[in-house]
Amino acid sequence: MKYREVLKYLIPSACYILVTSSAAAQTSSLPDIATFDLPRTVDKPLENVDGFSTYYGSAEVEDGIRLRSLITIPDGAEAPLRPLLFTQWVSCGSIELPSAKSSLAQIARDSGLAMVRVERAGSGDSEGPPCSELDYDTEVDHYIAAFTQLLNNPLLNSDAVFVFGSSLGSTTAPLVAKALQDKGVNIAGVVVQGGGGLTHFERMLNFDRFYLERRPELISADSIHEQMNARAIFHTEYLVKGRHPDDIARDDERMEAVRKDVRGLGSNDHYGRPFAWHQQAAQQNFLAAWAELNADVLVVFHEFDQFETRHGHEIIVDTVNQQRPGTATFVLQEDLGHSGWQFDSLIQAYADEQGSPAPGRLASTVIAWLQERN
Numbered sequence: 001m002k003y004r005e006v007l008k009y010l011i012p013s014a015c016y017i018l019v020t021s022s023a024a025a026q027t028s029s030l031p032d033i034a035t036f037d038l039p040r041t042v043d044k045p046l047e048n049v050d051g052f053s054t055y056y057g058s059a060e061v062e063d064g065i066r067l068r069s070l071i072t073i074p075d076g077a078e079a080p081l082r083p084l085l086f087t088q089w090v091s092c093g094s095i096e097l098p099s100a101k102s103s104l105a106q107i108a109r110d111s112g113l114a115m116v117r118v119e120r121a122g123s124g125d126s127e128g129p130p131c132s133e134l135d136y137d138t139e140v141d142h143y144i145a146a147f148t149q150l151l152n153n154p155l156l157n158s159d160a161v162f163v164f165g166s167s168l169g170s171t172t173a174p175l176v177a178k179a180l181q182d183k184g185v186n187i188a189g190v191v192v193q194g195g196g197g198l199t200h201f202e203r204m205l206n207f208d209r210f211y212l213e214r215r216p217e218l219i220s221a222d223s224i225h226e227q228m229n230a231r232a233i234f235h236t237e238y239l240v241k242g243r244h245p246d247d248i249a250r251d252d253e254r255m256e257a258v259r260k261d262v263r264g265l266g267s268n269d270h271y272g273r274p275f276a277w278h279q280q281a282a283q284q285n286f287l288a289a290w291a292e293l294n295a296d297v298l299v300v301f302h303e304f305d306q307f308e309t310r311h312g313h314e315i316i317v318d319t320v321n322q323q324r325p326g327t328a329t330f331v332l333q334e335d336l337g338h339s340g341w342q343f344d345s346l347i348q349a350y351a352d353e354q355g356s357p358a359p360g361r362l363a364s365t366v367i368a369w370l371q372e373r374n
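Each residue of the sequence shown is one higher than the one before, counting from 1 in the working numbering.
Hints were generated in silico from the structure; no laboratory data involved. Check each hint, because a few of them may be wrong.
[Said to hold, decoys possible] Straight-line alpha carbon distances no greater than 25 angstroms define the calculated DMTMM-like cross-link-like pairs of lysine to aspartate or glutamate that follow: (1) K101 x D352; (2) K101 x D246; (3) K241 x E256; (4) K101 x E334; (5) K101 x D261; (6) K101 x D75; (7) K183 x E202.
[Claimed, not checked] Okay, the calculated beta carbon distance ranges per label pair: (8) G76 x P45: 18 to 26 angstroms; (9) H225 x P39: 20 to 28 angstroms; (10) S267 x T236: 16 to 24 angstroms; (11) D37 x K183: 21 to 29 angstroms; (12) N374 x P45: 46 to 54 angstroms; (13) D222 x K101: 40 to 48 angstroms; (14) A257 x N374: 51 to 59 angstroms.
By construction, the Cβ of each residue, glycine as well, lies at the ideal position given by its N, Cα and C atoms.
The task is simple: from the sequences and hints, build the whole structure.
So, in structure tokens, the structure goes:
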């Protein structure tokens, strides 16, 4: 097994850190170090994954907030690589990779591209307010500002740029790609998995329907009918009209009951993000962004996705191919749940029981598609 070393150089104005294998350091003509002036604040080792080197850096966004950046270079690379920009899922937490087992690590190692990630505000080493307070529009703006800066990094060949969105990062991916395209960046391809092109209102209503349909306890058809009607009203008030869930709950008993039972809806957050995140997402026209992209598109749907719909994924492909025939591809991966675990049934997947990890299935599909276009 290749051993790794951490090189640290301290000078008055900056810190330089590269995590790399000795073999990569001996064969590569790429820079030995990448600059960043953002201190390490997370109490854990630097990313140390076999098969690629990780350059720790930073990008400055609005209000002087500095976000941690990570650029991975596969072992053996001898020249700047085209970038694969990554936009992440809704839940907060660091996106540093703990091992080579995840699909993200496999893509970073084998795609032939330089994967570029930024930690959201308040996550990992990044500055700014906690991720739990970060709204949707600001998150998208941070991605655009950070990636715009990082595309000038000497590690990267930005003549063609790829974007990869995972889970609800599949909604930010087309917005980020479109904004960069408007800045003159050549977006060569966009890959998404686990998030479709439906409105956020439809997405959250579907989340509720799956919650009613797929829970182990039996729920009658009459109950689902009545509850969905009530939840449609609730989400219209919450997401479309922008009202606070507590205010909606005071409208009547039905709204109070919905407020107590929407999955992931806490006292001040929804799936760990502020209400404003979801309300702003509900104002976004994702399909319009997809339609205006001049890029190849890969959309991957997992058959047993616990949250998203096949239709939501297919509508991206249908929309893109109406504009640019033959440029969008839909791939169905059977027996997989949202996060790439394999299950025997949809109900088993929703209960998250008796599954087994299968990250290589998504990774191999994405890698093959990217390699064809790089």
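Q) If you check each hint against the structure, which ones fail? A) 2, 5, 7, 9 and 12
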